[in-house]
Amino acid sequence: MLLIRTLHKWFGLILGLQFLLWTVSGAMMALLDHHKVSGEHTVRAPAPLAAPTRLVPIGELATVIGAPIQGVTLRPLNDRYVYEVKTAAGTSMLDAASGEPVVVDAAAARGLAAAAYVGEGRITAIESVTKHGLETRGLVLPLWKVSFNDADNTTLYVAAATGDVVERRTDSWRLWDVFWMLHIMDYSSRASFNHPLIITVATGVAWLALSGVILLLRSFRRSDFAWALDGLERLRSR
Amino acid sequence: MRWPALARNTHKWLGLVVGMQAVLWTFSGLYMTAVHLDIIHGDHLVRHAPSPPLDLADLVEPGAVMTAAPSQAVRLETQLGRPVYVVTGGPERALFDARTGDELSPLGQAAAEARAKALYAGAEAVKTVEHLSKAPPEIRGRPAPLWRVEFQGWWRPTLYISAQTGELVAKRHDLWRIFDFVWMFHIMDYQERENVNNTLLRVATWTAVASSASGAWLLIFSFRRRRRARKAAA
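Line by line, the protein sequences give chains R and L. Here our numbering is used: the first sequence runs in plain steps of one and ends on residue 418. Here our numbering is used: the second sequence runs in plain steps of one and ends on residue 400.
Since the hints were made in silico from the structure, they are not lab data. Here the structure is a predicted model, which is why all the values come from computation and not from measurement. All C-beta atoms in this analysis are idealised placements derived from N, C-alpha and C, irrespective of residue type, glycine included. Be careful, since some hints might not be right.
Unchecked claim - Covered stretches of chain R (in silico footprint by chain L; criterion: 3 or more residues with CB under 8 Å from a CB of chain L, positions within the stretch not fixed): (1) 200–206; (2) 221–229; (3) 251–258; (4) 290–303; (5) 369–383; (6) 391–404.
Looking at chain R on its own, in the form it has when it is part of the complex (with noise of 0.2 Å):
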């Protein structure tokens, strides 16, 4: 028991701190209400469009794009259909009435931004994102980078390629994100949680914790609950 006791305090000397950090970034995580730091109520579902009465016949596609095409999907895009066409260069879109192509440039990310967006702010900046940063991780680039001026700093992110609103960032998600960051340890991308520091150190810290069990078989008297036993006893004696 002595030798626990004396792993328990050099374990929480070394590991302490981490452990303590888990606690708090963990408690924060509780705290902070998931739907607001999703920002799912940011962005609204697209209007419904009735069902397209004119199409460019898919056969034409082929001439139009001019490569080899690994998929095609006709979709709405907020107020008309587009035909989404994938190819090994990317993905590319046209007006599944017109043919004309549809690009997304920052006028149109803007419109679409502001189509999706539910709240009191208005747009104060677009800004093309071709590099990876940490509001930015997982997503597909390039990306629109669509600001609001509201109170929790909304961002929306609209891809390049589709026009989607692929993302949504708020000072919610910001705050609830350096907790994040703290309890995976991964403080440069803030993205993965399966590496060899995480591992070595959770492998400590689950020792701490058990050997605290351990230790907490021999921590108690009688006397420590003396107030709940003798109490009890009395009841019993009446």
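Once you have looked at the hints, place chain L on chain R.
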């Protein structure tokens, strides 16, 4: 009570309250970090073949497979070597042969099994094929009806195929199921396994903060006392 005794008592009692949960947190955390998320997701269970070039000649028009429902999307893809239209977005999801325009949905058992076999990357044979009219808990929230195709093997690899569209809806195996099980202990939501803001978790985590902080407090005395003891012995 003197400071060291107070620190020790605080740590002891907080440990009694939250110690077992700390063990569950650390061991569930250890599992989740040690087994890579890509393996948990079962990325290795399905083939990742590049999509073959599509021949757009001699296809029925995508407009022909749409109904009057608004905001439908029609995706052209290859399933089992044949071009198909997957219709989504409306209330009814459906699958059509893109050459003939014939509706292929809802998929029968043989078609679903053939789809699963074509997608599965392993060499094992199919063990069971089951039709489900409601998504089971391990794929909660996914559209139904669907086919559950389980393959032979230790980890019970399972592919879920949509009966409406032939799409791969989800892939599961026992490493994922263990992850989901320990995740339940990690977030202390024993019913739905998805609410990370439940009151029990909030109370337990702040108790754990107090417990680890009191441990740090106790550390100050633990090491000083030891030095003193040595001096006394000398």
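Verification of the hints:
Taking a C-beta to C-beta cut-off of 8 Å, the region 200–206 of chain R contributes 5 residues in contact with chain L, enough for the three needed, and the coverage statement holds. Counting residues of the region 221–229 of chain R whose beta carbon lies closer than 8 Å to any beta carbon of chain L gives 3, which meets the minimum of three for the stated coverage. By the rule of at least three residues with a Cβ nearer than 8 Å to a Cβ of chain L, the coverage given for the region 251–258 of chain R holds, with 6 such residues. Restraint check on the region 290–303 of chain R versus chain L: 0 residues with Cβ-Cβ distances below 8 Å, three needed, restraint violated.
With 8 residues bearing a CB less than 8 Å from a CB of chain L, the region 369–383 of chain R meets the requirement of three and the coverage assertion stands. Evaluation of the coverage hint for the region 391–404 of chain R: fulfilled, as 6 residues show C-beta separations to chain L shorter than 8 Å, against a requirement of three.
Violated hint for the displayed structure: number 4, the only one.
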